[in-house]
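A.B. asks: These are the residues of each chain, in order.
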Amino acid sequence: MATNPMLQFEVHSIGPKIQIGNFDISFTNASLFMVLTVALISIFFILATQKKSLIPNKIQLIAEMIYEFVSKMISDTAGKDARPYFPFILSLFLFVLVSNMIGMVPYSFTVTSHIIVTFVMAFFVFIGVTVIGFMTHGISYLKLFVPSGVPTVLLPLIVVIEIISYLSRPISLSVRLFANMMAGHTMLKVFGGFVVSLGILGGWLPLGFAIALTGLEILVAFLQAYVFAILTCIYLNDALHLHH
Amino acid sequence: MNDIKDLDTKIKRLSTKEVESDTKPNSSMGIAMRLSSEMVAAVFVASLIGYYLDKWLKTGPFLLIFFFFLGAVTGILNVVRTSKMINKD
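Sequences listed follow chains A and B, in order. Sequence positions in the first sequence follow this note's numbering and run 7 to 250. Sequence positions in the second sequence follow this note's numbering and run 69 to 157.
Keep in mind the hints are simulated off the structure, nothing from the lab. Small disclaimer: the values here were computed from a predicted structure and weren't measured. Built from N, CA and C at the ideal position, the CB exists for glycine as well. Some hints here could point you the wrong way.
Unchecked claim - Derived pair list, reagent style DSBU-like, types lysine-lysine, alpha-carbon separation capped at 30 Å:
no., chain 1, residue 1, chain 2, residue 2
1, B, Lys123, A, Lys86
2, A, Lys78, B, Lys126
3, A, Lys78, B, Lys123
4, A, Lys78, A, Lys23
5, B, Lys156, A, Lys78
6, B, Lys80, A, Lys149
7, A, Lys86, B, Lys152
8, B, Lys78, A, Lys64
9, B, Lys156, A, Lys57
10, B, Lys80, A, Lys58
To be verified - Pair ranges (Cβ atoms, derived):
no., chain 1, residue 1, chain 2, residue 2, range
11, A, Pro112, B, Ser96, 26 to 34 Å
12, A, Asn63, B, Ser104, 40 to 48 Å
13, B, Pro129, A, Ile206, 35 to 43 Å
14, A, Val152, B, Thr127, 20 to 28 Å
15, B, Ser104, A, Asn35, 42 to 50 Å
16, A, Ile217, B, Leu75, 17 to 25 Å
17, B, Thr77, A, Gly214, 28 to 36 Å
18, A, Val152, B, Tyr119, 22 to 30 Å
19, A, Leu211, B, Lys80, 53 to 61 Å
20, A, His18, B, Ala100, 54 to 62 Å
21, A, Val111, B, Ser151, 52 to 60 Å
22, A, Gly214, B, Pro129, 44 to 52 Å
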């Protein structure tokens, strides 16, 4: 009965196998849950913004709370110049949050526990921020890599260090989200396995752990979505306001 | 009339005042994860750069070793920066 705790992360195709060239683009369970995430967000917001009453009903209130939360986060960390990027950050935050939360439902699949998914998001953030930086500052955006007040002897080393630091951003962003989700879900599954293998006598302790971990995982799911969004804001802030 | 003026000042005060956010989730576990991933990512990226530079320039393992240590330095720098930022807010 004790199944492999990593089995939950397995990607398998559902439906017909579609292949273009060397690429297998069949519809998988990962794609299904991504579609589900996007559909859930869309349906929620369509429902919430349907009435648009001055005195909001409950669902509209929740939508407004999400909107204000993200809006405040952007203005706190990146200033009002980051206003045009609000839709992107809101979508990013909601996608990560909702796919994390869908992952908390038993028997479902956590999209964000795959590094390729988180890495693609982080990589697009990275590319976007770099493009925005060059668009607003032109070539002087490269000053980001040259901190002021450094002795000339150390400058080549510092520039290399700064470049590594800049390049490590998408990696740290994606690894953090992926590692958190995967570690949490593996741990839950391991404790679930303990409950089964220890049976009715010894199974109560791991069951308690599993329940506590579920609560912790819901916190982590929210926290990681928040961290992902706020770090995007911080990188955006660096790109919009050069301060070195 | 007085009431309306009162209301006006009240609205002005509320709209200028920053709404205190108590929803900032800055749990210690989040901070720990943030710092550790910052460290690991820098070492990883730097080692990767060193590895491919070595392959390109055929300089044996020297650049890999050099960039590994440079990555460790960068990682520590990143951690210091991140913790400064966390302390600030």
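A.B. asks: For each hint, tell me whether it holds in the structure or not.
C.D. replies: Now for the hints, and whether the structure bears them out:
In summary, the hint linking Lys123 (chain B) to Lys86 (chain A) is not supported, as the alpha carbons are separated by about 45 Å, beyond the 30 Å threshold. Using a Cα cut-off of 30 Å, the hinted pair Lys78 (chain A) and Lys126 (chain B) is violated, with the two alpha carbons roughly 51 Å apart. For the hint linking Lys78 (chain A) to Lys123 (chain B), the alpha-carbon distance of about 47 Å lies beyond 30 Å, and the restraint is violated. Between Lys78 (chain A) and Lys23 (chain A), the direct Cα distance comes to roughly 45 Å. Violation of the 30 Å bound is thereby established for this hinted pair.
Proposed proximity of Lys156 (chain B) and Lys78 (chain A) is supported: the alpha carbons are some 17 Å apart, at most 30 Å. A hinted pair counts as satisfied when its Cα atoms are at most 30 Å apart, and Lys80 (chain B) with Lys149 (chain A) does not qualify at roughly 41 Å. The hinted pair formed by Lys86 (chain A) and Lys152 (chain B) meets the criterion: a straight-line CA distance of about 23 Å does not exceed 30 Å. Among the hinted pairs, Lys78 (chain B) with Lys64 (chain A) is consistent with the structure: their alpha-carbon atoms are about 27 Å apart, no more than 30 Å.
A distance of roughly 41 Å separates the Cα atoms of Lys156 (chain B) and Lys57 (chain A); the hinted pair therefore is violated under the 30 Å criterion. Only pairs whose Cα atoms come within 30 Å are accepted, and Lys80 (chain B) paired with Lys58 (chain A) is accepted, the gap being roughly 25 Å. Take Pro112 (chain A) and Ser96 (chain B): their Cβ atoms lie about 28 Å apart, and the range 26 to 34 Å holds. The hinted window of 40 to 48 Å between Asn63 (chain A) and Ser104 (chain B) holds, with their beta carbons roughly 43 Å apart.
Here the CB-CB span from Pro129 (chain B) to Ile206 (chain A) is close to 57 Å, at odds with the stated 35 to 43 Å. Taking 20 to 28 Å as the suggested C-beta distance range, the pair Val152 (chain A) and Thr127 (chain B) conforms, at roughly 26 Å. Hint check: Ser104 (chain B) to Asn35 (chain A), Cβ distance near 30 Å, so the stated range 42 to 50 Å is violated. At about 49 Å, the CB distance of Ile217 (chain A) to Leu75 (chain B) disagrees with the hint of 17 to 25 Å.
Range check, Thr77 (chain B) to Gly214 (chain A): about 54 Å between beta-carbon atoms, so the 28 to 36 Å window is missed. Taking 22 to 30 Å as the suggested C-beta distance range, the pair Val152 (chain A) and Tyr119 (chain B) conforms, at roughly 26 Å. One distance hint, 53 to 61 Å for the beta-carbon pair Leu211 (chain A) and Lys80 (chain B), holds here, with the actual separation near 58 Å. Checked against the hint of 54 to 62 Å, the pair His18 (chain A) and Ala100 (chain B) fails, with Cβ atoms roughly 34 Å apart.
Take Val111 (chain A) and Ser151 (chain B): their Cβ atoms lie about 35 Å apart, and the range 52 to 60 Å is violated. Against the hinted window of 44 to 52 Å, the Cβ-Cβ separation of Gly214 (chain A) and Pro129 (chain B) comes to about 50 Å, which satisfies the hint.
Hints 1, 2, 3, 4, 6, 9, 13, 15, 16, 17, 20 and 21, counting from the list given before, are not met by this structure.
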